[in-house]
Structures are given as C-alpha cells and as structure tokens.
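Could you use the hints to bring the two separately framed chains together as a complex?
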Amino acid sequence: MDLTYTPEEQAFRADVRAFLADNLDARTSEKVRLGQELTKAEMEGWHATLNARGWLAQNWPRSHGGAEWSAVQRHIFEEEAARAHAPRIVPFGLSMLAPVLMKFGSEAQQNQWLPRILSGEDWWCQGYSEPGAGSDLASLKTRAVRDGDHYVVNGQKAWTTLGQHANMIFCLVRTDPDCKPQEGISFLLIDMNTPGIEVRPVVLLDGTPEVNEVFFDDVRVPVENLVGEENKGWTYAKYLLTHERTNIAGVGFSSAGLDSVKRIARAANHNGRPLIENPHFAARLAKVEIELMALSTSNLRILAAAGAGRAPGVEASMLKVKGTEIRQEINDLARRAVGSYALPFASESLEGSNQPLPDPYDAGAVTGTYFNNRKISIFGGANEVQKNIISKIALGGRT
Amino acid sequence: MNFDLSDTRQMLSDTLRRFLADKYDTGLRNALVEDPRGYSEEIWASFAELGVIGALFSEDAGGFGGEGGDLAVVFEELGRAGVVEPLLDTAVLAGSLIADLGNDSQRALIEEVIAGSAHLALAHGEPEARYDLSCVTTTATTDGGQIRLNGRKGVVMNAEAADYLIVSAREAGGSYDAEGISLFVVPAEAPGLHLMGYGLAAGGRAAEVTLENVTLPETVRLGASGAALPALEAAQARAIVAQMAETLGAMHTACEMTQDYLMTRKQFGKPLGTFQALQHRVAEMLIEMEQARSAVINAAGHLTSDDRDKQISAAKALMGQVGRRIAEESIQMHGGIAMTQEYELAHIAKRIVLADHRFGDADTHLERFIQLAVA
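Going down the list, the protein sequences come from chains R and Z.
Using my numbering, the first residue of the first sequence is number 1, and each one after it goes up by one.
Using my numbering, the first residue of the second sequence is number 1, and each one after it goes up by one.
If you are wondering where the hints come from, they were derived from the structure by calculation, not from laboratory data.
Just so we're clear, the structure is a prediction, and the values are computed from it rather than from any experiment.
Some clues are possibly wrong.
Once the Cα atoms are required to be at most 20 Å apart in a straight line, the calculated SDA-like pairs of lysine to any residue come out as [stated by the list, open to error]:
(1) Lys-387/R to Ala-277/Z
(2) Lys-40/R to Asn-193/R
(3) Lys-287/R to Ala-362/Z
(4) Lys-387/R to Gly-273/Z
(5) Lys-141/R to Asp-176/R
(6) Lys-392/R to Phe-275/Z
Okay, chain Z solo, but in the shape it has when bound (with noise of 0.2 Å):
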C-alpha cells in the first residue's frame, strides 16, 4: 500500500492550489455565483490551458489521467477554493459517457472539452425521479432513420452552457426498468429544446429542459439501444468521487475558518479557541474529516473494482453526515459572521450542505449499501 500522491498528480494539485490562491477569491466567486453566467470563461480557459480539464480524461480517450485518484486530486483542489466552474458537468458526468460509449467521431468532442472550447451537461433525472437513475418517462421513439425524443428533465446542470446535451430517454420498458434506456447527444440549437434556466444556491446554474419531438437523425444516438443504465451507473460512480473530494476540500476550508477564527476572535477577554467547550468540537470536527478522507479514498479507489457501488454508496452515506456536521458545527463557532454573504464560509457551508442533494443524499446511500451488504 502506499497513500503518498505520484509526482504528476503531486504537481498538478500544487499548480492548481496555487492558481486558484492567486485567481480565486471571495470577490470574484460571489460575483460569478450571481451572475447570469454562472462562471468565468476567463477562468475556465486556464484550467484548460493548466492541464486541468485533460487530467479527468484516461490517454486512452485524449487526457492523461482520468483515475479516481486524478478525479480527487483536481476537485478537492477546486471545493477548497470554492470553484463554480462546471467541471464536474462537462468532463466528468458528460465526458466521462463519452469516453466510455462514443464512436470515433462523438469521441472528436472530448478534444474540445479538453481544449476548454466545448461544454456539455447531461440531461438525465427527472423531476418525478428523485435519485432513482432507472426512472426515465421521457421517450425516444425511431422513424424512418430518425430519432424523435418527448419528456421533461429537471435539474440539468450547466445546460445553459452546454453546446450538447446527453440526453437519457427510454426505448422500451416501464418507467423504472433498469432495460430500455438509451443517450443521445442532442445539440443545443435542436429545435423544440427548451430551456428554462435558474441560479444554484451553491453556484452553478441549471435548467428545466423539456423536449417537444425533437427530431434528429439516428447518428446522435450515444451507445447501443436501450442499454445505457451501466453507462450512466459508471459515470456517477465517477462524478460522486469527483463531488466527494471537492465537498472534502471545502470541508478542510470550513475547518481551518474555524480554526483561526476561534484563536482571533476574543470574547470574554480571551480567544474563543481556548474553551474547553469549543476545543472538543473542533477535535471532533478533525476526527469527522479524517473519517471522511479515507472515505474518500476508498470510493476513488475502487472506481473500477467490483465492489464499486458498495464502496461508493459507503463513502456518499458518510460524506452526507460529516458533510452537515462539519458545515453547521463551522457556521455556529463562527456564529453570527458566517450567517453573513461576503464571508467565505457562507459559501463554503453551503457546498458542503448541498452537495447531499445531487446524485443520492446519506439516506439513499445507506439504503443501497444496506442492499449490496446484504446481497
């Protein structure tokens, strides 16, 4: 065993921190959080032109990373510093389907994902679905050499920016079969696409997407038909491993506020940091996030073993609990500054939060490990 990062990945995280120290501040995330955007173009050509974007990809599709340890490293990187940028969306959810399921000319895209010149978004969940991914309504029907697709997706991240859609839609099967779903790569411009978009309490923006027959021909069609729950199962695996670093690093952000906020802030004629009350919570935070780090480890891990599912739904129940505990147990040390927008910690406690409402919260994660434990 060895837990010691490989010189590459040890070289990216550090280009990384130090980029995002120099570029990345309070000020400027705010401003990108509220503006109808939702983040800098500026920004996401360096993470492009930094190798940034190309280490979430395997040689194999054009990168050179793509592991669970290079998953880890970049976004632990990004949730210390509060990233809104849509990393996570287009390489890791969307390009990681593409990598997986594309032929020669869909796989041409992660070139310019990699280049920073394209984004994508994956329009899967459903308003109805929860966190279920076998639960697809929205239809896609085949006619004469083309596809016609009707449904509804709530939720979509990043599907403003996104020049194509990877929509899920069901070919046959019932509303919750795990058979009969199948991808297409919808373009932006399809006509009867429509957006409905709106800011993310923790940054970002997404959309309601609704598809009126839009009709495009059979080449958009991602992956065999009606077997892409594998597919889709995969890259989440991967996007929770990438979502579980970055809440992980704005976990140690939360942590180290905490930290010297308690031994600058007096109260009572000394720091706040030297009652006993306060230091065990602070212990107690450190214990949490240790326990949430090895989690880490193990998900990002095992991302190609056969004990993923178990192993990540361990990690994501985890994360979940910590997660709550670390962000509210951060905003009361502070007390009444963290409540406050400007403060950095506002937006950190709220990544942390929220990030237990994209693909499965702490319930659903125990639920299936209790299923996988059990099988």
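Next comes chain R alone, as it looks inside the complex (with noise of 0.2 Å):
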C-alpha cells in the first residue's frame, strides 16, 4: 500500500493545473463559482479547448482519439479542474454514449459517431426515463416498430437533461410488447430534427431551463441506428449505467464545494467573529469534511480495481450514495453560511432580472445550486434504488 503519488502523477497534476490556468477562460470560471447557468457556447468552448490538448475524451482507448488516462490521473484531472471552477464535462456522448458504442455497436456507427463526439459537431442526449418509467427505468413505454428499413417511434422521454442543446438523442425503446420488460428493448440513435419530434423545456425549482420532456410522434429511424441487437437494448443501459456511474462520487466537485464553503464561512460574521470559528458551524464542517477524506481513498480504490480489470458493481452504488449525500451536505453548509443572503432569489422569467442581488460574501447561487442538487440523489438510479442493488448483493445467496 502506498498513499503518496508518483512523481509521475505529481508531474500531471502540474500539468494540469498549468493548462487550466491557461486555458480556462475567467468569465466561464467566474460563472462556474458563482452557479451561474452556462451558455451552450461556453460549454461547447470548453469541449474544444480540451479537446485541442487531448484531454476530451479522458476514458477512450487512445485508438479512438481518447486520452486512455488512469483512475488516478482521471482522479487529478478531476479534483484540479473542480478547484479551478472549470464547466464540467458534459457526459451523455462522452462518457455514456460512447462507451456503449466502443463495445456493442459496430464498426460504421463507430467511425460515424465518435469522432463527431470529440469535435463538437454532435450534441448527444439521454433518452431513458419516461414520465411513468422512473426507478422502475425497464417498464418503459416508448413504442418502435419496425416498417421496411426504418422503425417507427412513438412515446414519450423525460427529465432529457440539456436536450435544448441536442441534435441527437440516443433512447430506450420498446421493440417487444409481449415479454420480460427487460427483455424487449432496444438502443436506437435519433436524429432530433427528424419530423415528429418536439421538445419542451420544464423549469426546474430554482428556476433553470435545465430539463426538457421529449415527444416522439411517428418519428422514422433508419435501422442502421440500431446499436447492437434488437431487444438487447436492456444489456447495453446497464453497462452504460456502470459508465455513468465511474465519476458518480462527485469527489471533485465536493473538494471545490468545501473550499468555497470555507471561503465564505471566513468572510462571514457571526456574533462579531468570523462564522468558521463558531462551534457549531466547525463541527457540522468538520464532520463532512472528515466523510469526504474518505470518500476520496475510497473512490480511488474503486477506480484502481476497476482500472485492474474488475468492473466496478456494487461499490460504484455505495459511491453514488455516499457521494451525493456528502455533495447535499456541502450544498447546505454554503446556503446556511450566507444567513438572510440565502434569500434573495433572481428569477429567469422576470423581467429586469438582470440586476445583480446582493451578494455581500461574494458566494453566488448558494440557494438554487442547493435546491438544484435535490436532483443528484433521484437521477442516474435513485439512491433508493442503489440500497437495493447493494442489499441484493449482501443478503443474496445466505439461506
């Protein structure tokens, strides 16, 4: 067992830590601190700037274009790039999509869609849940049926994270009514400006466009969309699932958090003394900061068996738990920290809102970005469903 870094790794981390400070733009990072909602533009800026270095792709197979990095480096990448206040990756094509393609899909859709995924040219979404289709993800309803060389798709796709900005969508659909609902679903890549298809925009409690439902009407789809086999589509979400969940800790964005939480709480006055040094607000510090040290170790040695070979399974449910429940608590310290600061609200659909709200400790959307993170708990398999897996695999077997 060694804890330190290799020289190796301390060298990346510089690295690192060099190219974002000179290539994150400082109005982007700015809105990053702050929980300002970003631009497409600056998102998509983002990407390119990345890609530029070859760090877009960070989990990719060099011969794909991808960086082929290790879980530490992954880890480094992460913790410096959440510390400089950097737009987070956006993961549907990257780390969801593409995954699944490396491994099932075959070669044409390989070269059609990956490399589109690293110049920016495709914006991909996520299209799993289903307003009747939540946890219970395999009872979805969406309907494609087969006609000539096309399927014909008619349902419905919902909480489509950042769908405003996607061309493509890939989806669940259902291609077999009469069997296990697992059984007969299948992995389609939609075109989103193929006629039929309407996306509507759904305010989140903050008061962000964020979400979107997605509404297929007779929407024609090629076959050669189909990823892999007809209603084998089951297998592939749930191995894109363990994908999704690889950065499910959310150890970078609680460092950055708790630096932030830190900051203010200096800046703050309680009782005519800084707010870090009152008892009460140190210890509630204390105690998750304490969980997030080791929530680290353990998110890197969940990475460093999965980088050896062994898929990550139950403990990547024990992470997104632990993660998103620390990420909640960090959110709620910053929100308390503020006091009546975390009242004041801008709403996006109110005219004039553009005129900045006090903000005397300089510490941005404290309130919305805690309401909003809610969501990390409920999305990506509820962290209900995740005590399932993980009970299924402890009581399992011992009759």
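The following block contains the structure:
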C-alpha cells in the first residue's frame, strides 16, 4: 500500500494545473464558481479547448482518440478542474454513449459517431426515463415498430438534461411488448431534427430550464441506427449505467464546494467573529470534511480496482449514495453560511431580473445550487435503487 | 391543560382554510412569486375583510386576538397554502413594535393596517449582523429637533410595498451593544431613503435599504431613546411563533402530498407506498412533525412568560432541523416531479427550508438555548 502520488502523477498534476491556468476563460470560470448557468457556446468552447489538448475523452482508448488516463489521472484532473471552477464535461456523448458504441456498436457506427463527439459536431442527450418509468426504468413504454428499413417511434421521454442543446438523442425504446419488460428493449440513435420530435423545456425548482420532455410522434429512424441487436438494449443500458457511475462520487465537486464554504464562512460574521470559528458551524464543516477525506480514498480504491479489470458493481452504488449525501451536505452548509442572503432570488422569467442580487460574501447562487442538487440523489438510479442493489448483493444467497 | 382551539380560533381557522382552498392555488401563487409587486392586493383586501389581520392584534391595539395562539392558528393556514402575502412583516413584526411602543398618533396606524390599507416593514437587520439583533451600525443623530439617519439595512422584507419603514439606528454605544438602539417610523417617501428591491426564492420581496442623511422631525421616534432592544426581541419572538406555525402548515402539506403521491405512483408494478423502506421514512416524517407541532405550541404558549426566550430558541432549533428533513425527504420520495417549479411541493419545500434563514437558524438558536439553559 502506498498513499503517495508517484513523481509522474505529481508532474501530471502540475501539467493539469498549468493547462487550466492558461486555457480556462476567466469569465466562464467565474460563472461556474457562482453557480450560474452556462450557455451552449461556453460549454462547447470548453470541450474544444480540452479536445485540442487531447484531454476531452479521458477514458477512451487512444485508438479512438482518447487520453486513456489511469484512474488516478482522472481523479487528479477532476480535483484540479473543480478547484479551478472549470465547466463540467458534458457526459452524454463522451462517457455515456461512447463506451456503449465501442463495446456493442458496429464499426460503421463507431466511425460515424465517435469522431463527431470529439469534434463537438454532435451534442447528445439521453432518452431513458419516462413519466411512468423512473426508478423502474424497465417499464418504459416508448414504442419502436419496424417498418421496412425504418423504425417508427412513438412515445415520450422525461428529464432529458440539456436536451434543448442536443441534435442527437440515444434512446431506450420498446421493440417487443410481449415478453419480460427487460427483454423487449432496444437501443436507438435518433436525430433530433427528424419530423415528429418535439422538445418542451421544464423549469426546475431553482428556476433553471435544465431538463426537457421529448415527444415522439411517428418518428422514422433508419434501422442502421439500432445499436447492437434488437431487444438487447437493456444489457447495453446496464453497461452504460456502470460507466455513468465512474465519476459518480463527485469528489472534485465536493472538494471545490468545501473550499467555497470555508471561504464564505471566513468572510461571514457571526456575533462579531468569523462564522468559521463558531463551534456549531465548525463541527458541521469538520464532519463533512472527514467524510469527504474517506470518500476520496474509497473512490480511488474502487477506480484502481476497475482499472485492474474488476468491474465496479456494488461499490459504484456505494460511491453514488455516499458521494451525493456529502455533496448535498456541502450545498446545505453553503446556504447556511450566507444567513439571510440565502433568501434573494433572480427569476429567469421576471423582467428586469438582470440586476445583480446582493451577495456580500461573493457566494453566488448557493440557494439555487442547494435546491438544484436535490436531483443528484434522484437521477442516475435514485439512492433508494442503489441501496436495493447493495442489499440484494449483500443478502442474496445467504439462506 | 386544554389543547383544543377556542370556538373563535376554530372559526377563524375554518374560514381561512376554506377561503385559501377556494382562491389560493399553485398557479396564482407561482404567478405572484414572479410578480414585480410580489403579492395580490385583492387577496390582501380579503384578509382584512375576513378579520385575518385583526386577529393578529390584541383588543388593546384595536384587534381581537394577538396572542400566541391566534398567531399560530392564522399562520398555520397561511403555511399550508403557501401564501406569500406579507402578513408577517406588516402585521406581526412591524405591527407588534407599534402596538408595543407607539404613542396614540402612531398607534392610529394599526387601524389602517387592520383595515388592509397600510403596509409596514421592519428595517433592522444589517448586512454584517447575520442573526444578531443587537448588531446595529446605522446611526441616528439629533440636531435642533431633527433626526438624521445614516446607514444600510439588508434583506428588508416588504420594504417596497411599505408605506412606513420602522428603522432601527444607534444613538449610543458600540456596534454590538444592547443599549443605545432606537426605532424610527420613516415614511416611504422620505428623501435620502433608497431601496434596491428583489424577489425572494420562497416568495415575497425584499430590498437592500440605504439611508443617506434621511432627516425627519423628532416625532418619528418610536419608544424611548436607546432602549429598543427588548421590544425588538419581543417582536421577533412573536414573529418566530408566527413563522414556525407557517412552517408547520407547510410541513403538513409536504407530508400530505408525499403520502398521496406514494399511494398513487406505481413503480415495479405496485404503489411506491407499499415498499417498507419508504413506509418507515413516512412514519419518521410524521413522528418528527408531531414533535414540531408541540414545539410550536410550547413557543406560542410562552410568548408572555419569563421563560420566553428559552422556549422560543428550543422550538426554532427543532423546527430548523425537522424542517430540513421533511422538505428533503418529501422531494426525495417524490423523485423528479418535485424538482419541477410548477409542482406545488417545490414551493412548499423552499418555504420550509428557507424559514431557517430568518430570525436565526437552528445553530444560532441551539447556541442561545445552551446559554439560557446554563444560566
């Protein structure tokens, strides 16, 4: 066992830090720090910057133009990027779809879609959840019926994050309604500009239009856009979910969030002293920092095992549960730290809302972030579902 | 002991609940949250007409209630429906101070408040004060029968709608001294009074208030010079009781909605509420809510007792903790739907959580409870 970083890893950290200092646009970084919404152009710009350095597709093999980083390298980048308030890498094409195409897609599909993910030509979104299929994803109803060399798709997807920016969507659709729910699902790639698709924005409780409903009305999709075999989509989706979870611990976000809380609590005043010296607040802060120190090591342990070829199973679920709890606790502390300045709110839809809100601690949208991040224990398999996975494996077979 | 509501309070509660069930839906309220005024004048007029405002003042002040129990009954109903109209600020906070300290001509203002024709705001908290009531750096100087005010007040609720702002300012002592704080009834149109208004995440509006050589006749003074802190503490205690009752009402709605949703929403072929993991969490929410109800009753019943501050802090510390849990659990057990702005629970949850950001959060009151309990 060795908890120190190798000289190569330390050099890599220095590289990442220098790269961020030289290439991360100050205005974009400030928006990320203050929890403000980024424009599509700002997100695309960051992707292009990383791609130019060869650091966009961090977990892809070099043969596909990826960086093929080790678990430790990914961890270092995540930590440095979060501390520098870099935009998050939009994961849908890069770390959700791409691994599925590499594993199950045809060569033609790989050649067609992977380079366009790197170049930013396509913006992918995820069509999994439906109004009636949340935790119970396998109950999805969006129907695809074969008609000649096309599938005809009808139905509705829900909670499509950043779907308003997307030109492509990867969907789970039902191709066989007469078997076990998991067995009749297929994985389709759909062009969002196809006639019959309608995207409706949904405003979240913090006022941001972040997710969408996507409606399909007789949408014709060429059969060559089927990934793998018909009715095997559930297998691919489960594979994708394990990849969705490789960054699920959110250690970088939490570290950056904790730094930010400390900065606010040094600036904020409580009975004439800095809030950070208040024993009640300090105890809350210390407890979550202690949890985060342990989580960071859990994350590295599990990533190291994954790198050695052992697929993360139940451990990924553990990281998701603990990681989201810690992040939400940090968001709670940030809101708590600003006192009554947690109350002001700029509504997107209110005219004249461009005027700045009072923010004496330069804390940004801490209330919005607290409420918005209630989602992280709901999406990607709610924490309750993760606990079911953990307990099923922990207790199964012990009769 | 008797925990039943009196006939008058029961009637008030029933009337208000019916009125709100009929008139105050999610669509109306969410429109008000984004409205540049922040509340509905029509609803406000109805509150006056129904006697809701009068119930918040004692007979002595021209009302017909004003006790802790009256505040609790009214505000629990307001909280259930997620009402954003600024009753707390106009009638409880500022109203209490005028009723408590005002001379006859100042107390005439209460009549207008009860009739629904006047709005008030308390401009006390300062950007640096956090939740410390004694932290006042705004100054008042007297010069030839004139009062001159200078300073800055932060997150002043209802400031834009208010016809009068009750402004606290220091006439003696250092920034955190208990002695030396005075109150002044400042008309909204006073020269040198500047407001920068904004909406609030949980509804209503507030403003950053700047006083720049606001010069007024000595008659604007409310109460004795330099001795306002005890009255501010008493008004805040009343406001805490009202706000906790409101939060209790909101928690009730959150629990009801969660119970309904769990028995309606089906996943894995059965209602979510048939999963034991969720059943136990609902049970825990309800246990916590009963604790919260008792804490509010304790606080409301001790508003005029010597034990007031300890009871208030005990209740506010508990409410902060229970509120967060109920709001977060309600959202989590609903799942995605509760994350959407147009769903009623989104507003209700924000109300519950953000209640902890007024009048001292759970930690602040835990700290004060410890001090009072040790003393």
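A quick look at each hint next to the structure:
no., hint, result
1, Lys-387/R to Ala-277/Z, "10 Å, holds"
2, Lys-40/R to Asn-193/R, "18 Å, holds"
3, Lys-287/R to Ala-362/Z, "17 Å, holds"
4, Lys-387/R to Gly-273/Z, "17 Å, holds"
5, Lys-141/R to Asp-176/R, "10 Å, holds"
6, Lys-392/R to Phe-275/Z, "15 Å, holds"
Figure legend: structure checked against the earlier numbered hints; every hint is met.
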